[in-house]
Amino acid sequence: MGMWATLQDSAAYLLVLAAGYGLKRLGIFGAEHASVFAKLIMTITLPAAVLKGSASAQLNGVLFLAAGVGFFANVLLLTAAVLVSRKLEGDSRAFCVLNTNTFNIGNFAMPFLSAFTQGQAFAAICMFDMGSALTTFGPNFTVAQAVREGTDRVRIRPGRIVKTLLSSPTFDVYLFILLMHLFRLQLPKPIFDAVSMAAGANTFLAMLTIGILFEFRFPRAGRDLIFRVLATRYAVCTAAALAVWFWFPGDAEVVRVLTITLFAPIANCATIFTVQHRCDGAVSAVINSFSMVISVCIMMILLSVLPMPIR
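Each residue of the sequence shown is one higher than the one before, counting from 1 in my numbering.
Hint data in this document are derived by calculation from the structure and do not stem from the laboratory.
Just so you know, not all the hints are guaranteed correct.
Claimed, not checked - Computed cross-link-like contacts, BS3-like style, restricted to lysine-lysine with a CA-CA straight-line distance of at most 30 Å:
id, residue 1, residue 2
1, Lys39, Lys189
2, Lys24, Lys39
3, Lys52, Lys39
4, Lys163, Lys52
5, Lys163, Lys39
6, Lys52, Lys189
Please work from the sequences and hints to get the whole structure.
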């Protein structure tokens, strides 16, 4: 697919995102509306999109390896954040940990890439998200607390991780899909039609919500943290993408989509985690917005120029 074709296919996504930002600037939408939309996405439309996109895919070892890519990419980012922040004070170290890793798959990568991929490749994105969630909702908190307190002891609590994962409707859908494939079940047609209807609204709601949450502010006090976090993140993601491109043992389209997915922006929940840890939420929101801009540019370029992987 050429650059011009990719820009044309991406134009609708960017227009909806711009519309969300414009409607916020006009005072029609605000943070409270984005919160409602986010709940609709996380509890209804995103689980429906995952179920529709993955229910017909054939689970195999390659897809489970895609989950491993999501998990280890987060581990690499977490480790890099700890290393590059080692000379900072406790709050700043925790901030780097919470904002360097995580991937916005459900609200960004899935909607954005849905026009360019389907079948096994889309299922690979879902499995990447599943693996990523294991770190996002688990060790992420624990490591942030450890570096904030200046201790090298990291105490992982499996019970807390499992409870957090099971409280996510999207993660529950992943487990349901695994059970469907294990017992070779299919959704009845009326249910599948209802799921498809809800899934159709996910892309629009996700891009509109991202536009409403988007910020252009660049606070002077947090510039060092913004640069440190974004530089670390995209350096690690580039290294991981190269490793996947040359060595991941999947078919060409799965390799291509995983390579692009590694450049997904930082998850929106990173800002929520930052506020929960009493760090600077405003700077985190700015990082999140800059990450969206950088990621959409990189992903559009990669969609245009990436040939089939070298083997």
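Checklist entry - What are the numbers of the hints that this structure violates, sorted from low to high? => result Violated: none.
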